[in-house]
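Protein chains: 2
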Amino acid sequence: MARIIECVPNFSEGRDKKIIEAIVAPLKNKPGFTLVSYEPDADYNRTVVTLIGEPEPILDALMPFVEAALQHIDMNHQSGEHPRMGAVDVIPFIPIEDVTMEECVAYANEIAKRIWDTCHIPSFLYAEAATKKNRVKLPTIRKGEFEGMKDKIKDPEWTPDYGTNEIHPTFGVIGIGARIPLIAYNIDLATENTKIASSISRAIRFSSGGFRHIQAGPVYLDSRQHVQVTMNILDYKKNPLYRILETVRMEARRYHVDVPSCELVGLIPKQALLDSLRYYLEAAGESFDKNMSFEDIVRYSKHYIGFRDFDQDKIIEANI
Amino acid sequence: MARIIECVPNFSEGRDKKIIEAIVAPLKNKPGFTLVSYEPDADYNRTVVTLIGEPEPILDALMPFVEAALQHIDMNHQSGEHPRMGAVDVIPFIPIEDVTMEECVAYANEIAKRIWDTCHIPSFLYAEAATKKNRVKLPTIRKGEFEGMKDKIKDPEWTPDYGTNEIHPTFGVIGIGARIPLIAYNIDLATENTKIASSISRAIRFSSGGFRHIQAGPVYLDSRQHVQVTMNILDYKKNPLYRILETVRMEARRYHVDVPSCELVGLIPKQALLDSLRYYLEAAGESFDKNMSFEDIVRYSKHYIGFRDFDQDKIIEANI
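From first to last, the protein sequence lines stand for chains A and B. In this text, residue positions in the first sequence follow the numbering used here: the first is 1, and each later residue adds one. In this text, residue positions in the second sequence follow the numbering used here: the first is 1, and each later residue adds one.
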């Protein structure tokens with residue numbers, strides 16, 4: 001059986017199609033891994049790329065990808081809704097099959113070294129790859145963003161893990177990490193009122209007293225003209241999707257605001273969907289089959305969880 | 001308007017009624033504050049006292065109370081289920097009305113000084129009154145209990161905040177603190193299945209990934225023949241009661257188990273009830289009046305939150 005990782009680089013261009021295509025070009029049609037998707041978001045001005053496959057071919061392809069971003073993006077002229085510190089903002093490695101977390105930490109170190117040696121772009125190691133306690137969480141590293149990083153990186157506390165105390169003048173810095181699969185999950189609210197999304201975000205996110213493994217915030221989607229609670233679920237086993245969705249629905253009741261739909265950014269492990277479908281099917285008094293087909297998972301997920309823009313390709317295991 | 005605090009001293013005798021009466025006698029029928037209750041627990045061999053009123057009269061009455069405990073309890077011959085380090089084990093001060101947390105910290109310091117000057121009993125300041133990070137949590141201070149404290153207090157790390165590096169030979173040491181009110185809250189489940197209460201406890205409590213300020217566990221009530229999720233809400237502003245109750249109701253749905261009622265142990269701040277009633281009234285499309293009477297608070301709380309054994313005396317402010 002092949003050794004499989006997921007790698008989800010995010011880069012800071014989500015509007016100009018020509019530039020987006022130029023940056024992802026080195027990741028297309030390569031042996032050993034699949035470019036599962038690249039999802040530009042114009043509001044965020046950011047594209048999330050999902051790669052699944054063998055580690056070594058992915059590492060090799062990441063180099064021309066980073067070089068393309070270096071060539072096409074100048075962070076001094078970039079803005080968008082999503083916080084960011086680099087042209088390629090993050091590169092996380094995620095063990096999927098026959099790969100340990102320790103190996104993913106090693107891959108993070110290897111690509112960080114190559115990027116510094118080749119492009120002189122400094123990087124911070126985060127999550128399981130972190131070398132200091134205050135570098136575990138990406139938002140702590142990214143605080144100040146590209147604009148603030150010029151000074152922050154000179155603080156001895158924030159010496160990068162690879163590179164010297166100076167950001168790359170147009171690229172910035174990268175966060176490179178290893179972690180369990182996180183779920184980037186957004187819940188739509190049928191209102192334009194950002195205060196409501198903000199209040200509900202505070203109810204669920206850890207930093208305001210909510211669930212331990214949830215990072216969340218409000219966002220207004222210009223293109224769709226409604227707000228979202230946008231979140232990362234950092235541990236889907238301890239904070240299952242259904243529990244967060246139902247808590248959001250419960251909080252929305254006081255505002256008489258509907259929760260019509262939700263979406264995933266990137267992929268989701270099959271088990272995360274099964275755990276939540278099990279809740280809804282049991283609550284509905286229906287039988288739950290943990291060996292159900294991908295087709296059934298998709299059908300039930302749309303019905304009970306209310307995903308929009310969702311199909312089988314969103315499930316990690318369906319891409320292997 | 002009077003300045004009001006709550007003070008909840010715990011002392012290490014819960015069996016001998018004569019001794020208990022002798023120790024609480026200095027707290028009875030005093031001007032300026034009310035002895036709301038004293039609840040001995042024979043298994044714990046401990047009594048929890050609740051005082052509500054003006055700070056200065058409470059501070060004055062605490063001195064003869066501590067002296068009575070010093071006279072009647074010898075910790076060398078005391079044992080019970082509850083961990084303890086002193087004859088009076090803890091004295092927390094809780095701001096209720098027109099008193100700041102900073103003032104409660106000052107009261108903690110003042111009584112600690114008086115107790116040392118008068119009785120030569122050393123004390124550790126905890127919670128908001130803590131002077132070091134590892135003294136914030138009472139269990140960390142109390143670790144080793146009375147028996148271990150003889151040596152622990154000689155460790156420079158554990159020099160008491162008031163007093164010298166020696167415990168009182170029969171009394172031990174006291175933890176004196178300032179904190180916001182905590183709510184001891186139990187939710188009834190219409191089942192005898194402790195596994196269900198256990199699973200729901202894990203969904204809501206911080207230690208298993210749940211809400212940040214919730215400690216919870218399962219318990220089977222022999223006298224009532226059903227299980228409960230029993231919990232402490234450590235910060236009712238960030239983890240309001242309604243949010244926990246609704247999450248428990250949501251989790252119970254998968255087991256098809258009713259959540260018929262709930263109860264408080266000890267008192268609850270009026271604001272904690274108002275915050276939750278506001279949620280339920282807003283969700284129901286009814287108007288919310290933050291100046292509603294105690295009678296209305298009790299009526300709505302029974303209706304929406306489902307309290308049993310609940311009346312006005314459970315509300316801190318109704319005892320003022």
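No lab work stands behind these hints: they were computed from the structure. Just so you know, not all the hints are guaranteed correct.
Here are the simulated DSS-like cross-link-like pairs (lysine-lysine), alpha carbons at most 27 Å apart as the crow flies [as the list claims (entries may be wrong)]:
1) Lys237/B with Lys137/A
2) Lys237/B with Lys238/A
3) Lys152/B with Lys137/B
4) Lys314/B with Lys28/B
5) Lys195/B with Lys290/A
6) Lys28/B with Lys133/A
7) Lys238/B with Lys195/A
8) Lys113/B with Lys132/B
9) Lys237/B with Lys195/A
Small disclaimer: the values here were computed from a predicted structure and weren't measured.
*Honestly, which of those hints from before does the structure not fit?*
6
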